[in-house]
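A.B. asks: Those sequence lines, one after another, are chains A and B.
For the first sequence, position 55 matches number 55 in the numbering used here, and the numbering has no gaps at all.
For the second sequence, position 221 matches number 221 in the numbering used here, and the numbering has no gaps at all.
None of these hints come from the bench; they were simulated from the model.
Only a predicted model underlies this, so the values are computations on that prediction, with no experimental measurement involved.
Take the hints with a grain of salt, since some may be wrong.
[Unchecked claim] BS3-like cross-link-like pairs, simulated, lysine-lysine; straight-line CA separation at most 30 Å:
#1 A/K18 - B/K216
#2 A/K45 - B/K24
#3 B/K13 - A/K132
#4 B/K13 - A/K8
#5 B/K118 - A/K45
[Unchecked claim] Which stretches of chain A does chain B cover? Using the computed rule of at least three CB atoms under 8 Å from a CB of chain B, they are:
#6 26-39
#7 103-111
Here a beta-carbon is modelled for each residue, glycine too, at the ideal position from N, C-alpha and C.
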Amino acid sequence: MIKCVGIKKTFGSQEVLKGIDFTFENGKTNLIIGKSGAGKTVLLKILVGLVAPTEGEIWYGDKNFFALTKKELSTLRMQVGMLFQGNALFDSLTIEQNIRFPMDMFTKMTLKEKTERVNYCLERVSLSGVNKKYPSEISGGMQKRVGIARAIVLNPKYLFCDEPNSGLDPQTSITIDELISSITKDNKITTIINTHDMNSVMEIGENICLIDKGMLVWEGSKDEVLTSESEELHDFIFASPFLQKLVDLRK
Amino acid sequence: MLGSNKLFYHLGKFMIWQKVIYKKPENLRMYYNETIRQMYDIGIGSISIVFLISIFIGAVTSQQFYYQMEGTLIPAYYIGYIVRDMTIIELAPTITCLVLAGKVGSNMAAEIGGMRQKEHIDAMEIMGVNTSAYLVQPRLIAAVIVIPILVTMAAIVGILGAYLASVPMGLFSGADFDRGIREFFIPHNVTMMYVKAVVFAYILASVSCYQGYYVKGGSIELGEASTRAVVYSDILILVADYIIAVALTA
Numbered sequence: 001m002i003k004c005v006g007i008k009k010t011f012g013s014q015e016v017l018k019g020i021d022f023t024f025e026n027g028k029t030n031l032i033i034g035k036s037g038a039g040k041t042v043l044l045k046i047l048v049g050l051v052a053p054t055e056g057e058i059w060y061g062d063k064n065f066f067a068l069t070k071k072e073l074s075t076l077r078m079q080v081g082m083l084f085q086g087n088a089l090f091d092s093l094t095i096e097q098n099i100r101f102p103m104d105m106f107t108k109m110t111l112k113e114k115t116e117r118v119n120y121c122l123e124r125v126s127l128s129g130v131n132k133k134y135p136s137e138i139s140g141g142m143q144k145r146v147g148i149a150r151a152i153v154l155n156p157k158y159l160f161c162d163e164p165n166s167g168l169d170p171q172t173s174i175t176i177d178e179l180i181s182s183i184t185k186d187n188k189i190t191t192i193i194n195t196h197d198m199n200s201v202m203e204i205g206e207n208i209c210l211i212d213k214g215m216l217v218w219e220g221s222k223d224e225v226l227t228s229e230s231e232e233l234h235d236f237i238f239a240s241p242f243l244q245k246l247v248d249l250r251k
Numbered sequence: 001m002l003g004s005n006k007l008f009y010h011l012g013k014f015m016i017w018q019k020v021i022y023k024k025p026e027n028l029r030m031y032y033n034e035t036i037r038q039m040y041d042i043g044i045g046s047i048s049i050v051f052l053i054s055i056f057i058g059a060v061t062s063q064q065f066y067y068q069m070e071g072t073l074i075p076a077y078y079i080g081y082i083v084r085d086m087t088i089i090e091l092a093p094t095i096t097c098l099v100l101a102g103k104v105g106s107n108m109a110a111e112i113g114g115m116r117q118k119e120h121i122d123a124m125e126i127m128g129v130n131t132s133a134y135l136v137q138p139r140l141i142a143a144v145i146v147i148p149i150l151v152t153m154a155a156i157v158g159i160l161g162a163y164l165a166s167v168p169m170g171l172f173s174g175a176d177f178d179r180g181i182r183e184f185f186i187p188h189n190v191t192m193m194y195v196k197a198v199v200f201a202y203i204l205a206s207v208s209c210y211q212g213y214y215v216k217g218g219s220i221e222l223g224e225a226s227t228r229a230v231v232y233s234d235i236l237i238l239v240a241d242y243i244i245a246v247a248l249t250a
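Could you build the full structure based on these sequences and the hints that come with them?
C.D. replies: Quick look at the structure:
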């Protein structure tokens, strides 16, 4: 479980986050949704410690993230995996070396053990056999899956995904969503996804928070989305004229 | 921010950053492998340009001194002596490092800056890697080891260039050149060359890495950072050159 308490963030005179209180639950796919520029990415970066908040606290279980000692922080870092919007795969390394990188850096596993683990992770994301290829030699969807494989290689307790479906076709997006959801369930981890993909919201959104203009304006699950009376949620979900027409027809 | 404020801001940030760079490596083998890779890139990647520049600088130096001393009462072997000392004390370390600031420095700034922009650095930070140390320490160590070797080669090739441009061309005899190269040799000058090489190597690697590491924005800013890496490195190398010259010849 990850809890944010009163998170505020200011850049110069611009207040990007205006006091976010939310709990991301364990074993669930938690979604941060909102329009572009709402403050989702800043919140995600604060959650993983890449950006310091102006005010507020982040709790990983019973530990205050910003009060951790260096040793505790290193231990926690080993329990965190992240999938970046642009994948952040190292171009000069092969797929295998990319996935092996956290193990090379932080474990004393033998090469054989590491290779076995890499193969397992690649199998888990249905990408066996691409070990020796370079990131530039595989498609965007495959790169996302490699990013997921690297994120889960150290068996993290917390998985963060920044816009996992950006730049992907609807079919591949569904595959990625299903993959993240199944990894969350199988490994019983806390997954936090930053997205504005409505399909993801309706398919895997078990615990959702909607951010608008730096404020938490709605929280609930995918089952509550369609029945909610929240105006902000309605504006966000039915922003497309096509969906709006469907709602009108339904009425 | 005003110019002087900006200067002190970056100077302070650079000094504080030095402390972070020298934190204990998370995994010695990974740092070792990266250092070897950097040594190869800096060394092998720069040999040809260093050779080419040194041979011509040596050739031009001997030609110019012959032109200035021809017809004077100064003995011809003095040209060999002047070429040797100029190459060892000044030309080999300074010109080589100014050239390497352009080649190696801009490459370091662009490589690290590109990693910043593609979120590679963020990815490593989240894994728990001390990115300042992992990306900069191997480059600094590699530069401080390899650049003095390149400077040594530059000095030898520069003197060879001077020989090729003077003796076979009939400006003066091989015996005169040999005598000039051997006369009045002061070993302290070689020490000065290595002091300069190490200091300049550190300056060009650390300034370039700093420019790349803290780059913000897109490809235009990355290009600007790369240019700044070269310009600032060159200026600081020349300032350091003067300070070392004063300190070691006083």
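A.B. asks: It remains to establish, for every hint, whether it holds in the given structure.
C.D. replies: Hint-by-hint comparison with the structure:
A C-alpha spacing of about 25 Å is found between A/K18 and B/K216, which places the hinted pair at or below 30 Å, so the restraint holds. Between A/K45 and B/K24 the CA atoms are separated by roughly 26 Å; this keeps the pair inside 30 Å, and the hint holds. Our distance criterion of 30 Å between C-alpha atoms is broken by B/K13 and A/K132, whose separation comes to about 40 Å. Our distance criterion of 30 Å between C-alpha atoms is met by B/K13 and A/K8, whose separation comes to about 26 Å.
At roughly 15 Å between alpha-carbon atoms, B/K118 and A/K45 fall within 30 Å of each other, so this suggested pair holds. Here the segment 26-39 of chain A counts 0 residues with a CB under 8 Å from a CB of chain B, which misses the bar of 3, and the coverage is violated. Proximity of the segment 103-111 of chain A to chain B, defined as three or more residues with a beta carbon under 8 Å from a beta carbon of that chain, is established by the 3 residues found.
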